[in-house]
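There are 2 protein chains.
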Amino acid sequence: MSETPDSAVRTYIEEHRAAFLADLAEWLRIPSVSAQPEHAEDVRRSAEWLAAKLRETGFPVAEIWPTDGAPAVFAEWPSGDADAPTVLVYGHHDVQPAAREDGWHTEPFEPTTIDGRMYGRGAADDKGQVFFHTLGVRAHLAATGRTAPAVNLKLLIEGEEESGSPHFRELIEARRERLAADAVIVSDTGMWSEDTPTVCTGMRGVADCEITFRGPDQDIHSGSFGGAVPNPATVAARVVAALHDEDGHITVPGFYDGIVPLTDQERALFAELPFDEAKWLRTAKSYATHGEAGYSTLERIWARPTAEVNGIGGGYQGPGGKTIVPASAELKLSFRLVAGQDPDKIEQAVRDWIATRVPAGIRYDITFGAATRPCLTPLDHPALQSVARAMGRAFEQPIRFTREGGSGPAADLQDVLGAPVLFLGISVPSDGWHAPNEKVELDLLLKGVETTAYLWGDLAAQPLR
Amino acid sequence: MSETPDSAVRTYIEEHRAAFLADLAEWLRIPSVSAQPEHAEDVRRSAEWLAAKLRETGFPVAEIWPTDGAPAVFAEWPSGDADAPTVLVYGHHDVQPAAREDGWHTEPFEPTTIDGRMYGRGAADDKGQVFFHTLGVRAHLAATGRTAPAVNLKLLIEGEEESGSPHFRELIEARRERLAADAVIVSDTGMWSEDTPTVCTGMRGVADCEITFRGPDQDIHSGSFGGAVPNPATVAARVVAALHDEDGHITVPGFYDGIVPLTDQERALFAELPFDEAKWLRTAKSYATHGEAGYSTLERIWARPTAEVNGIGGGYQGPGGKTIVPASAELKLSFRLVAGQDPDKIEQAVRDWIATRVPAGIRYDITFGAATRPCLTPLDHPALQSVARAMGRAFEQPIRFTREGGSGPAADLQDVLGAPVLFLGISVPSDGWHAPNEKVELDLLLKGVETTAYLWGDLAAQPLR
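So the protein sequences, as listed, match chains F and C. Using UniProt numbering, the letters of the first sequence correspond one by one to residues 1 to 465. Using UniProt numbering, the letters of the second sequence correspond one by one to residues 1 to 465.
One chain only, chain F, in its complex shape (with noise of 0.2 Å):
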């Protein structure tokens, strides 16, 4: 009986479900919370799990990478055809604290599988998206008869994602001639839901400072001097509120320049989606949408830079009033940005900008943290070509488009390597990350194992070197 290479996949994947789900289960049982000190044996027991796994799978290299932090896993399966080209996949082993307290209906680090879903903390985010990857290759190589996958296949699970990455350049940038990729596939990102499955195309970089605003060397009295002297609090104040102009553009010169524009192409594909604003806002825990005239919400989202104030502080914030000018205020801004805007010109123009914004009798301090490059792929990408193909073809559907609004080291792959970055996720909105009762939905994930298993012949096809 001859099948095709799909209902090949698919017949072998239903083989092998059970033992994917338990070995899924047995590694979602480490504890592995990278920012509890505590658990820093656990991030170490599911490195080593994982490679060991990865192993099995048939990986002939699967290494753990050190790091000053917690360790990474590497793996490498070499296709053995000349010319193939070389993909590396990023995800993480770490996950978010999770307590039973935090309003979990079952134990977070004892998986458990009700009405189809695997709930359990790292179920999505980003253990069961890391581990598709597995059976995935296996069924790639059952319905082809390959002994080794179509592309040089590369694997780079970080320990730190869920702390911040902070060692995740310093290590890419070491080990960058091992990294060496043709493409990097990202699977750490979700769908638009269950009934539209997507592909991200991008995810806007942050740049984020802090500024003091240091006024009368303490607290002085407004009525003895109220009126007479400059306030800190009210040049933060003013600073925030001339960020942007009455149509929510933003106001540092400079800010907009280089930005690689929306194409009519990427507006329309966006505006097709199935976006409900009402529950969109419920999402967000708003009350109204609010942003840059000319743009949709998701476009505000997705692809547009923000200017964004995450705190402010200064004089007296206790119960009741105190009559004040205060000696200090504090801004804590960051900026959101996309493909054209580099971190650097986005410090230089905001330092340039703050300067001309503080009156006399009024010294300051800004302080700039590590930024997030923006990542973007174009549309016409052959890479991306081949993962909407895959995930069609495992969907049986039509994929569309995405962007993701958040920021994350996926950048860095793209900077220090020089590849483009896709990414594939099959997570949904409900998955709750970070939040009590994350699950999978066994479904979606059996989805990712399959566009896995068409994705590596696809993209072993296309143009990439």
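No lab work stands behind these hints, which were simulated from the structure alone. Misleading hints may appear alongside valid ones.
No copy labels: a pair is met if it fits in one copy or bridges any two.
What the hints assert, rightly or not - With a straight-line cut-off of 25 Å between C-alpha atoms, the simulated DSS-like cross-links for lysine-lysine are:
no., residue 1, residue 2
1, Lys285, Lys322
2, Lys345, Lys279
3, Lys322, Lys345
Mind docking chain C on chain F? Use the hints.
Here is chain C on its own, set in the frame of chain F:
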């Protein structure tokens, strides 16, 4: 040997100086700190000590007036002359907290005289300035040969001024008939300097509010939602920024309505004061002057209303950054008011204005505290002229005029009793009110005694009724 009245007053004061200072020192030893519950008994003891001393001085009536907080002292000494005007003296017998370890060179409640200065908590604020009225009225009687003062003399010495006078308005409203007066003399302020004796003609009032702006129901991720929902910290900042225009004028519609304008005469008198801006800035611990265009620094702090942000807070204020859109932000604003401004109308104007500044999706609450009214006595008022004349005799030089930028319960006396308020204070800026090493200059203290010795006779001759 015949003496002029002035020399008779001086001789009497000189003869009684030592006993007077010893009595004051005794009073200063009572730590009548109204803000500290453990000193409640001391505040009561201070009231009783004063009432006894006033009876000893000759006041036929000296009573403790209880309140729901600390007690006040009321004393009364009728003139006996038909048609004598009635004068009410206001001061307070409670003091600020003080501890040796705050930087005092001597024990704060063990008064110590060094180089003509008596150091001790309350020496200037306000026990010394209350106390000069005791020897003053005796000197008045001795020099004139009277057995009762030329005016019906009343004293109301509060016990909670340093705690914000929470029961003062209630007290004077309840005791309105016994407090009835043709003029109020407040002895709880100061002069320009040792070399430049001055009379204060008014105080600013103050209205204050807290405003909480609420956006999302909880802090939300600035990557997922930033740029597409309103940020309550931005709204708070924009309110602060919009309070003033580029010329430092307050933009709240109606805010300036009804203000009694500064006269050319008063502006000229202010301009004659030996104002040293560099020195004033050191006192303000500030690095530049700043404020409403068209007004000098003294005009800005004494005679113009202000809008000041006393506190602002919202979002993340800990170390480092946190990429959130904050759930809420809070403002504490205060408005100094000048004669002609009604706190109720200001509250309504601010409420109306805020309502226009809040975009869709932001909810807010605004709460006003109890306001203090402004007070101002015109330069040509006969009682004000009396005070200046009596001071001129004591200081043997022309008396200049100031105002006070701060606010106090004096305005309540003007409002409830319908009597003009005059300020007779001999404290100087170096006296260290509310600070360690508070002191009173003994020469100036005795000038206060001497001023009151002349004042009652002068006031009795004025058309005050």
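Inset, instruction - Please write out, lowest number first, the hints stated earlier that are contradicted by the structure. - result: 2
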